[in-house]
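Following the hints, put chain B in place on chain A, whose structure we already have.
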Amino acid sequence: MSAADEPLRESAVFNLTGAVTMVVDDSPFSMEVTIQALQGFGIRTKHTPRSTAQAMELLKLHTIDLLLIDCEMEGSDGHGLVRWLRRSGLEPNAFVPVIMTASHVRRSKVADVRDCGANFLVTKPFSPAVVLERIIWVARDNRPFLEAGDFSGPDRRFAPATPLNDGERRADMIRLTSHLADRAAAASAEALTS
Amino acid sequence: MTAVMWKPRTSRLSTIIDQPGGLSVGVAMAQARANLDNLKTESQAIVAERIGRLAALQAPPADQDPVLRLNEAYEIGSAIIDAAGPFDRDDLCKAAAGLCDLIDAALPGAAFDWRIVTVHAQALQLILGLPEDAEETRTEILANLHQMVARKIPAADQPAD
Numbered sequence: 001m002s003a004a005d006e007p008l009r010e011s012a013v014f015n016l017t018g019a020v021t022m023v024v025d026d027s028p029f030s031m032e033v034t035i036q037a038l039q040g041f042g043i044r045t046k047h048t049p050r051s052t053a054q055a056m057e058l059l060k061l062h063t064i065d066l067l068l069i070d071c072e073m074e075g076s077d078g079h080g081l082v083r084w085l086r087r088s089g090l091e092p093n094a095f096v097p098v099i100m101t102a103s104h105v106r107r108s109k110v111a112d113v114r115d116c117g118a119n120f121l122v123t124k125p126f127s128p129a130v131v132l133e134r135i136i137w138v139a140r141d142n143r144p145f146l147e148a149g150d151f152s153g154p155d156r157r158f159a160p161a162t163p164l165n166d167g168e169r170r171a172d173m174i175r176l177t178s179h180l181a182d183r184a185a186a187a188s189a190e191a192l193t194s
Numbered sequence: 001m002t003a004v005m006w007k008p009r010t011s012r013l014s015t016i017i018d019q020p021g022g023l024s025v026g027v028a029m030a031q032a033r034a035n036l037d038n039l040k041t042e043s044q045a046i047v048a049e050r051i052g053r054l055a056a057l058q059a060p061p062a063d064q065d066p067v068l069r070l071n072e073a074y075e076i077g078s079a080i081i082d083a084a085g086p087f088d089r090d091d092l093c094k095a096a097a098g099l100c101d102l103i104d105a106a107l108p109g110a111a112f113d114w115r116i117v118t119v120h121a122q123a124l125q126l127i128l129g130l131p132e133d134a135e136e137t138r139t140e141i142l143a144n145l146h147q148m149v150a151r152k153i154p155a156a157d158q159p160a161d
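Taken in sequence, the protein lines are chains A and B.
Position 147 of the first sequence, counted from 1, bears residue number 147 in the UniProt record's numbering, the numbering being contiguous throughout.
Position 97 of the second sequence, counted from 1, bears residue number 97 in the UniProt record's numbering, the numbering being contiguous throughout.
Take the hints with a grain of salt, since some may be wrong.
Here are some of the chain B residues that sit facing chain A, going by a computed Cβ distance under 7 Å [what the hints assert, rightly or not]:
1. Lys-7
2. Leu-13
3. Gly-22
4. Leu-36
5. Ala-56
6. Ser-78
7. Asp-82
8. Val-119
Chain A stretches covered by chain B per the calculated footprint, using a threshold of three residues with CB under 8 Å from any CB of chain B [stated by the list, open to error]:
9. 9-22
10. 39-52
11. 59-72
12. 92-98
13. 117-129
14. 133-139
Since the hints were made in silico from the structure, they are not lab data.
Where a beta carbon is used, it is the ideal one built from N, C-alpha and C, also for glycine.
Chain A extracted, bound-state conformation (with noise of 0.2 Å):
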């Protein structure tokens, strides 16, 4: 994917089973919502902290590849951990992708939003769709990470993607297309056998 708002083929194939996965909220049932729609794309949650604190801690002990963050809980905000995260120091925690959920931001609280290192804030009302889409963009985001003054995050600036010319490049893609051809030929040895 090279840009952030292209929409996804349904026929692209992905693999996150193997991803580990933390979902950080405080209200039990939207934390229910995330993990349900995360297990339809083939996610299972691994850590769900109900407050920053917890998370904080879990991210200290454990590898995390995947980290989704409600942006506003009771007593802490979601944007202060990724900040913490960002600074931490823990390797690699402190560089994995981050999205950020969010029902209404106060607008006293964007530039923190904007400024705290998260790779996405995805604004609800969200589908399962919106959400996927930037999993996937997460995954495929190879923005470097910078520290500039307050800031330590991915790049917030997009490079814009130039096409090159020489067949197609996404391994999705390719995998489909591999796996469609070992279809056909095991199709023609059975038809052969038989």
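Okay, now just chain B, sitting in the frame of chain A:
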């Protein structure tokens, strides 16, 4: 002058995603929708309970700083979006988001017209009780709420739909 440090990084997620196996986007979406369908009834009950709490919220006494009560109304509005959002209830989300915008735009220390909260709570109750095909009534309610937001926060004047 600010020093800028570049750290080229490749996340483990970028390797995991291309491993053999997995599923297609179409299948993933169908599975996620099926999983969320199981939570729809619970979502409706939670939304109804939160709208009820909003409707029951009393205006703060005149001699009291309204900020605590306003925060409570804001949090309920935000919680309505949380619970209704993943279940295609854009109508409820729009109404709740309008309330959050208005509370967020309130000036600290200034008086707040509590009728804004009351009207939004009533509108949310109405929308919640509407049959699915009552598109015209739904649009009308949302347009009226939108007018209120546009009057109070001219900068937020975006189309109602």
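Okay, the hints, checked on the actual structure:
no. : hint    : in the structure
1   : Lys-7   : holds, 4 Å
2   : Leu-13  : holds, 4 Å
3   : Gly-22  : holds, 3 Å
4   : Leu-36  : holds, 6 Å
5   : Ala-56  : violated, 20 Å
6   : Ser-78  : holds, 4 Å
7   : Asp-82  : holds, 5 Å
8   : Val-119 : violated, 18 Å
9   : 9-22    : holds (count 11)
10  : 39-52   : holds (count 4)
11  : 59-72   : holds (count 4)
12  : 92-98   : holds (count 4)
13  : 117-129 : holds (count 6)
14  : 133-139 : holds (count 3)
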